[in-house]
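A.B. asks: Whenever a hint applies, use it, and build me the whole structure from the sequences.
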Amino acid sequence: MSEFEVKNIDLKPGNKLKIKGKIAGDAKRFQIDLGKGVNDLALHFNPRFHDDRDGKVIVCNSNCGGSWGSEKRDSNFPFEKGHEVKLNVKILQEGFEVELPNGHTVKFSKRFDDKITYMRVGGDFKVTSFKVE
Amino acid sequence: MTSNVLIQNMAFKPGQVMKIKGTVAEETCSFAFNLGKDSQEYSLHFNPRFNEHGDSQTIVCNSMSDGVWGEEHRDSEFPFELGKETKVYITYQNDAFEIKLTNDHVVKFPNRYGNQTLNHLAVDGGFKMISFKVL
Numbered sequence: 001m002s003e004f005e006v007k008n009i010d011l012k013p014g015n016k017l018k019i020k021g022k023i024a025g026d027a028k029r030f031q032i033d034l035g036k037g038v039n040d041l042a043l044h045f046n047p048r049f050h051d052d053r054d055g056k057v058i059v060c061n062s063n064c065g066g067s068w069g070s071e072k073r074d075s076n077f078p079f080e081k082g083h084e085v086k087l088n089v090k091i092l093q094e095g096f097e098v099e100l101p102n103g104h105t106v107k108f109s110k111r112f113d114d115k116i117t118y119m120r121v122g123g124d125f126k127v128t129s130f131k132v133e
Numbered sequence: 001m002t003s004n005v006l007i008q009n010m011a012f013k014p015g016q017v018m019k020i021k022g023t024v025a026e027e028t029c030s031f032a033f034n035l036g037k038d039s040q041e042y043s044l045h046f047n048p049r050f051n052e053h054g055d056s057q058t059i060v061c062n063s064m065s066d067g068v069w070g071e072e073h074r075d076s077e078f079p080f081e082l083g084k085e086t087k088v089y090i091t092y093q094n095d096a097f098e099i100k101l102t103n104d105h106v107v108k109f110p111n112r113y114g115n116q117t118l119n120h121l122a123v124d125g126g127f128k129m130i131s132f133k134v135l
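Line order of the protein sequences matches chains A and B. Under this note's numbering, the letters of the first sequence match residues 1 to 133, in that order. Under this note's numbering, the letters of the second sequence match residues 1 to 135, in that order.
Honestly, the hints are just simulated from the structure, not real lab data. Warning: the hint list may mix true and false statements.
Said to hold, decoys possible - Calculated lysine-lysine pairs in the BS3-like style (CA-CA distance at most 27 Å, straight line):
1. B:Lys128 <-> A:Lys36
2. A:Lys131 <-> B:Lys21
3. B:Lys133 <-> A:Lys16
4. A:Lys16 <-> B:Lys21
5. A:Lys86 <-> B:Lys21
6. A:Lys12 <-> B:Lys21
7. B:Lys100 <-> A:Lys36
8. B:Lys133 <-> A:Lys126
9. B:Lys128 <-> A:Lys126
10. B:Lys133 <-> A:Lys18
11. B:Lys108 <-> A:Lys18
12. A:Lys20 <-> A:Lys107
C.D. replies: Right under this line is the structure:
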């Protein structure tokens, strides 16, 4: 599946991204990436349906020049295959807050102070709407 | 040079409607939405000109393939204002694009490249995108 990508977007603390889309019926995983480019991600938000260790789990991480940081895992998993879902990503001074459909919030700290100019939604998820507030 | 928003792989197909909302820059000669298969072929170049290339308050539409522009289409409806928020709805039909403006006027531009999935949307000029939606 081709990945939904937005380049040259200027996201600042205070901005909120609203992403709506549909999870594939046979989904294994999907991801929302925010950063400067494919190999410079301040936030990699990655729900997995069949993780080897944890089964259904949200894995967050950062990537600096192609090297992954340490994973942060959250077992709250309000995603279902084949369903439409809304995700809100808040950009804060110190990090990110991803609001899940059940109201739970996944927090992830900013590990380096870079501008956020790139966004990608990949994996088994089809974006239907995208909004910056 | 200011860099502008580029959206890729949004899989825009005939029958669908795209809504683009944003703010026009305080100072700009024009802005444009380039919508196409990729960066080499635009099925729709939608270009409101405040004051550019001898046009004043005119919407110019065109298509482009391998760097070669087609025949321009002009519309004198111009509900855009510098510094103001605006939104357009682009309906992708088999034979044409219908672009609905804030004053409900519809600009019609022929679909010259047939029914293909459009995966490339590049914003150019003085327009800051606030939201993007495929309905």
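A.B. asks: Take the hints in turn and mark each one as holding or not.
C.D. replies: Evaluation of the provided hints:
Of the supplied pair hints, the one linking Lys128 of chain B and Lys36 of chain A holds, its CA atoms being roughly 19 Å apart against a limit of 27 Å. Distance hint between Lys131 of chain A and Lys21 of chain B is fulfilled; the C-alpha atoms sit about 9 Å from each other, no more than 27 Å. Simply put, Lys133 of chain B and Lys16 of chain A have alpha-carbon atoms about 15 Å apart, close enough for the 27 Å limit, and the pair holds. This hinted pair checks out: Lys16 of chain A and Lys21 of chain B have alpha carbons roughly 15 Å apart, not beyond 27 Å.
Pair hint Lys86 of chain A plus Lys21 of chain B holds up; C-alpha atoms about 19 Å apart against a cutoff of 27 Å. The straight-line distance between the Cα atoms of Lys12 of chain A and Lys21 of chain B is roughly 19 Å, inside the 27 Å bound, and the hint therefore holds. With a CA separation close to 34 Å, the supplied pair Lys100 of chain B and Lys36 of chain A exceeds the 27 Å bound. Straight-line distance between C-alpha atoms of Lys133 of chain B and Lys126 of chain A comes to about 12 Å, which keeps the hinted pair within the 27 Å bound.
A C-alpha spacing of about 24 Å is found between Lys128 of chain B and Lys126 of chain A, which places the hinted pair at or below 27 Å, so the restraint holds. Distance restraint check for Lys133 of chain B and Lys18 of chain A: the Cα-Cα separation of roughly 11 Å lies within the 27 Å cut-off, and the hinted pair is therefore satisfied. For a cut-off of 27 Å, the pair hint linking Lys108 of chain B to Lys18 of chain A is broken: about 30 Å separates their Cα positions. For the hint linking Lys20 of chain A to Lys107 of chain A, the alpha-carbon distance of about 19 Å falls within 27 Å, and the restraint holds.
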